Amino acid sequence: MNNNKVINGFTTAWKGLTLTLGHLFASNAKRKVIPASDNNYFKQLEGTNTIQYPKQSLPVPEVGRYQLDVEIDDCIVCDLCAKICPVDCITIDSIKATEVIGQTSDGSKKMLYAAKFDIDMAKCMYCGLCTIVCPTECIIMTNQYDRTVFELKDLNYEFSDMTPEDAAEKRALLEKQQAEKQAAKLAAMQKKEAGQ
Amino acid sequence: MNICLTYFAIGIGLFAFSALFALFGVYAERKVAAFIQDRLGPTETGKFGMLQTLADGLKLIQKELIIPAAADKILFMMAPAIIFIAVYMGFAAMPWAPGVVPTSLNLGLYYIFAIVAIETLGILMAGWGSNNKYSILGSMRSVAQIISYEIPAGFALISVIMISQSLNMQTIATQQGILSVEGTKFLGFWNVSKIGGVFAWNIFRAPHLIIAFVIYFIASLAESNRAPFDIPEAESELVAGFHTEYTGWRFAFVFFAEYSMMFLVSMISVVLFLGAWNTPLPNIGSVQLATWTTGITWGIIWVLVKSLLLVGAQMWIRWTLPRLRVDQLMNLCWKVLTPLAFLCMLVSGIWRVFLM
Numbered sequence: 001m002n003n004n005k006v007i008n009g010f011t012t013a014w015k016g017l018t019l020t021l022g023h024l025f026a027s028n029a030k031r032k033v034i035p036a037s038d039n040n041y042f043k044q045l046e047g048t049n050t051i052q053y054p055k056q057s058l059p060v061p062e063v064g065r066y067q068l069d070v071e072i073d074d075c076i077v078c079d080l081c082a083k084i085c086p087v088d089c090i091t092i093d094s095i096k097a098t099e100v101i102g103q104t105s106d107g108s109k110k111m112l113y114a115a116k117f118d119i120d121m122a123k124c125m126y127c128g129l130c131t132i133v134c135p136t137e138c139i140i141m142t143n144q145y146d147r148t149v150f151e152l153k154d155l156n157y158e159f160s161d162m163t164p165e166d167a168a169e170k171r172a173l174l175e176k177q178q179a180e181k182q183a184a185k186l187a188a189m190q191k192k193e194a195g196q
Numbered sequence: 001m002n003i004c005l006t007y008f009a010i011g012i013g014l015f016a017f018s019a020l021f022a023l024f025g026v027y028a029e030r031k032v033a034a035f036i037q038d039r040l041g042p043t044e045t046g047k048f049g050m051l052q053t054l055a056d057g058l059k060l061i062q063k064e065l066i067i068p069a070a071a072d073k074i075l076f077m078m079a080p081a082i083i084f085i086a087v088y089m090g091f092a093a094m095p096w097a098p099g100v101v102p103t104s105l106n107l108g109l110y111y112i113f114a115i116v117a118i119e120t121l122g123i124l125m126a127g128w129g130s131n132n133k134y135s136i137l138g139s140m141r142s143v144a145q146i147i148s149y150e151i152p153a154g155f156a157l158i159s160v161i162m163i164s165q166s167l168n169m170q171t172i173a174t175q176q177g178i179l180s181v182e183g184t185k186f187l188g189f190w191n192v193s194k195i196g197g198v199f200a201w202n203i204f205r206a207p208h209l210i211i212a213f214v215i216y217f218i219a220s221l222a223e224s225n226r227a228p229f230d231i232p233e234a235e236s237e238l239v240a241g242f243h244t245e246y247t248g249w250r251f252a253f254v255f256f257a258e259y260s261m262m263f264l265v266s267m268i269s270v271v272l273f274l275g276a277w278n279t280p281l282p283n284i285g286s287v288q289l290a291t292w293t294t295g296i297t298w299g300i301i302w303v304l305v306k307s308l309l310l311v312g313a314q315m316w317i318r319w320t321l322p323r324l325r326v327d328q329l330m331n332l333c334w335k336v337l338t339p340l341a342f343l344c345m346l347v348s349g350i351w352r353v354f355l356m
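Those protein sequence lines, which keep their order, are chains A and B. The first sequence stops at residue 196 when you use my numbering, and every number in between is there. The second sequence stops at residue 356 when you use my numbering, and every number in between is there.
It is worth saying that the hints were derived from the structure and are not from the lab. Note that the coordinates shown come from a computational prediction; the quantities given were computed from them, not determined experimentally. It is possible that some hints are incorrect.
Unchecked claim - Label-pair restraints from in silico Cβ distances:
id : chain 1 : residue 1 : chain 2 : residue 2 : range
1  : A       : 40        : B       : 59        : 33 to 43 Å
2  : B       : 161       : A       : 19        : 33 to 43 Å
3  : A       : 17        : B       : 350       : 29 to 39 Å
Cβ coordinates follow ideal geometry from the N, Cα and C atoms, glycine included.
Could you build the full structure based on these sequences and the hints that come with them?
Here's what the structure looks like:
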């Protein structure tokens, strides 16, 4: 009984040793990097498994779902992405324009300025909901996944192309227009009252 | 004066050898581990990462030497030195080639066995001096393990000594080849005094010594605290065991000692069982392979090659087998290895009386 256990111990240890010996003398060449879509991807069981990362990297599909990117010229500042974001990582500050300020590439009218369009990638959970709700498809996920920063604030991506001065100017214009409208409204009301 | 200088030269030479071996050993260990696990190991520092351990050593030298506030300072500071010196002194009696041995002691093997056992004291000092529960647990385990395993190891060695009738390592080495004066017999019946080679090695002079060799090899793994007997260090349980609190070069010395110990125990196995510096190639008729490959240079080469192969086997085992539990460890020692070692000793006696 005890004897059998001892012999069993030695034979199983030997089995393990032959297994590791096989791996020791298997190919020690660097792993060939092929994309996961390749037919042989799951057949690479022999040889080195690790990817020497900064020097080699696994190809990712062009339509990867990693870092967010915003094409701000196509944005109509509808705020839908900020509303659907489960972790509230998108902050948008909009200013109404005094007139139609342009068209997006799919023909939607732009009526708002984006004074601020920040995405905090440190909070983002890569669910992709914002890209689904976006009516003009201006917010997309890219194939960029490698991002290392030294300051946490560098993970806050700012997509707005307006300077604070620009924004102040547009705000002033809006206020002026609103004041004019108010004045016109007031004048009309007074006229109406006077007319009665 | 000259003799004094020679002693210093030998001492420095052996130190340089163990330091170089530690550098090489750590690198080899990391590469072997990596290849076994289908990784590449160090690749960045130097060609194939060969300067990695040198860089690690430089880093360790520059590190601050921290002594825990509650530690026993004297024990704590002395321990790494004792651990290393105990192993390093063991090299003093090891034969390297015909006529090349630092000290040709009549009590060679006894001395080595005794001085290496002092390492246990250093480990206990390190564990106790650190005043840390993980350290003391690790060192207690280490002491229990080393002292237990010295029994099968000792009896395995005694069964060799009964065959060779000498404790002098150089005499034991000489007996296993063509330079033997009293003649050797393969398996007790075939006189191979002139043929030599692998047939004259102790494991073939008396085949039960193969079992003694395996026993000694297993016990030596335990004595150098290596996996699967690394419970004194057991990272997953004890942080780093007895050397948890060590930093800088003190830690480096503990490491040095581990790698020197690996080489020392391999070399002891080589000298006692695998023909020491004798060539594995036999004389075949007029093709005098054994005569051609015996000599000082060849001797050093053979000792190094055989020892490094055993060190390689130690590494191979470390990266294959999981760690034994304390009770399994003691089971193996007392219920399997010790009775087998006794049996080997008994067979040695019979062999000596009736077949030699």
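Evaluated hints:
no.: 1; hint: 40(A) / 59(B): 33 to 43 Å; verdict: holds, 41 Å
no.: 2; hint: 161(B) / 19(A): 33 to 43 Å; verdict: holds, 37 Å
no.: 3; hint: 17(A) / 350(B): 29 to 39 Å; verdict: holds, 32 Å
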